[in-house]
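J.: Below are the chains, spelled out letter by letter.
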Amino acid sequence: EAQVTQNPRYLITVTGKKLTVTCSQNMNHEYMSWYRQDPGLGLRQIYYSMNVEVTDKGDVPEGYKVSRKEKRNFPLILESPSPNQTSLYFCASRTSGVHQPQHFGDGTRLSIL
Amino acid sequence: AQTVTQSQPEMSVQEAETVTLSCTYDTSESNYYLFWYKQPPSRQMILVIRQEAYKQQNATENRFSVNFQKAAKSFSLKISDSQLGDTAMYFCAFMKPRPGGSEKLVFGKGTKLTVNP
Chain V
1 EAQVTQNPRY LITVTGKKLT VTCSQNMNHE YMSWYRQDPG LGLRQIYYSM
51 NVEVTDKGDV PEGYKVSRKE KRNFPLILES PSPNQTSLYF CASRTSGVHQ
101 PQHFGDGTRL SIL
Chain W
1001 AQTVTQSQPE MSVQEAETVT LSCTYDTSES NYYLFWYKQP PSRQMILVIR
1051 QEAYKQQNAT ENRFSVNFQK AAKSFSLKIS DSQLGDTAMY FCAFMKPRPG
1101 GSEKLVFGKG TKLTVNP
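Quick mapping for you: the protein sequence lines, in order, are chains V and W. Quick note on the working numbering: the first sequence kicks off at 1 and runs consecutively. Quick note on the working numbering: the second sequence kicks off at 1001 and runs consecutively.
Watch out, some of these pointers could steer you wrong.
Under the rule of at most 20 angstroms between Cα atoms (straight-line distance), these lysine to any residue pairs were calculated in the SDA-like manner [as the list claims (entries may be wrong)]:
| id | chain 1 | residue 1 | chain 2 | residue 2 |
| --- | --- | --- | --- | --- |
| 1 | W | K1109 | V | D106 |
| 2 | W | K1096 | V | H103 |
| 3 | W | K1109 | V | T13 |
Derived list of chain V stretches under chain W, where covered just means 3 residues or more per stretch with a C-beta under 8 angstroms from a C-beta of chain W [unchecked claim]:
| id | region |
| --- | --- |
| 4 | 42-55 |
| 5 | 101-108 |
Residues from chain W that keep clear of chain V, each with C-beta distances beyond 12 angstroms, as calculated [claimed, not checked]:
| id | residue |
| --- | --- |
| 6 | A1016 |
| 7 | T1060 |
| 8 | V1115 |
For the record, the hints were derived by calculation from the structure and aren't laboratory data. Even for Gly, the Cβ is constructed at its ideal location relative to N, Cα and C.
Go ahead and model the full structure; you've got the sequences and the hints to work with.
T.: The following block contains the structure:
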C-alpha cells in the first residue's frame, strides 16, 4: 500500500530535549516536505527536499533541521525544542511533475512543555 | 507572495443538502494549480479535488465540484448530497510552478464543516 509513515504519532517532551520525527514514503517520490498546522493558521511549510541531499527552507524553518540521505526518508529534527513548537506536524511527498498531488502522512502531535 | 483566504471559519449543513465553501487567492501568475483538501477528525489530509488554472472546465469528483472563476481569483467547493462523513476541516491550497520542481502548497486557514443528521 502506498503511504507516507510518520513516527511518533504523539509525543510530549520538555524544552531543550532533542527530538526527531521520522518520515518515510514507499512510493519512490522525489519531493518531500514538512508542514506544521496551528489553529487559525492552516498549514505552513517548514522545509522541503527535491531529492537526495537537496533540501531548502520553507516559510517557517527556524528551530528545525532536516536531512535527506535516502530517497525514502526525510526526518525532521528539533535540536532544542521550545514551547512555541508545540503543533501538529505533517510530512508529505509527491513524484516530480507539478500536477501531481501531495500525499500526506497521518500527522504527529508534538507537545513541548 | 501568494495568499489564500477562506472567509468562513465554520459552516454547517443538513444531511443530504448542498453546501458551498468559499476560497479566494491572490496571485499575479497565470499558470498555477488549486486544490481542496479534507481533514476529518482522524487528522489525515485527504485530497478532494484539484483544478489546473489553464483549464476552463470546472473539476468534478463525484459529489464534489468546484466553481473556478479565474478573473475573480475564486475557487469555491460545492458538496452535493452532504453526508455525515463529510464532517471535516476543509483547506483550500494554491500551488505555483517553479523551476526545478520546488513548488509548495500555500494553504488557507481552513473551514470547519459540520454535517448535521
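J.: Would you mind marking each hint as holding or not holding in the structure?
T.: Results for each hint:
no., hint, verdict
1, W:K1109 - V:D106, "19 angstroms, holds"
2, W:K1096 - V:H103, "18 angstroms, holds"
3, W:K1109 - V:T13, "27 angstroms, violated"
4, 42-55, "holds (count 6)"
5, 101-108, "holds (count 5)"
6, A1016, "29 angstroms, holds"
7, T1060, "16 angstroms, holds"
8, V1115, "21 angstroms, holds"
Comparing the model with each numbered hint stated earlier shows that hint 3 is the single one that does not hold.
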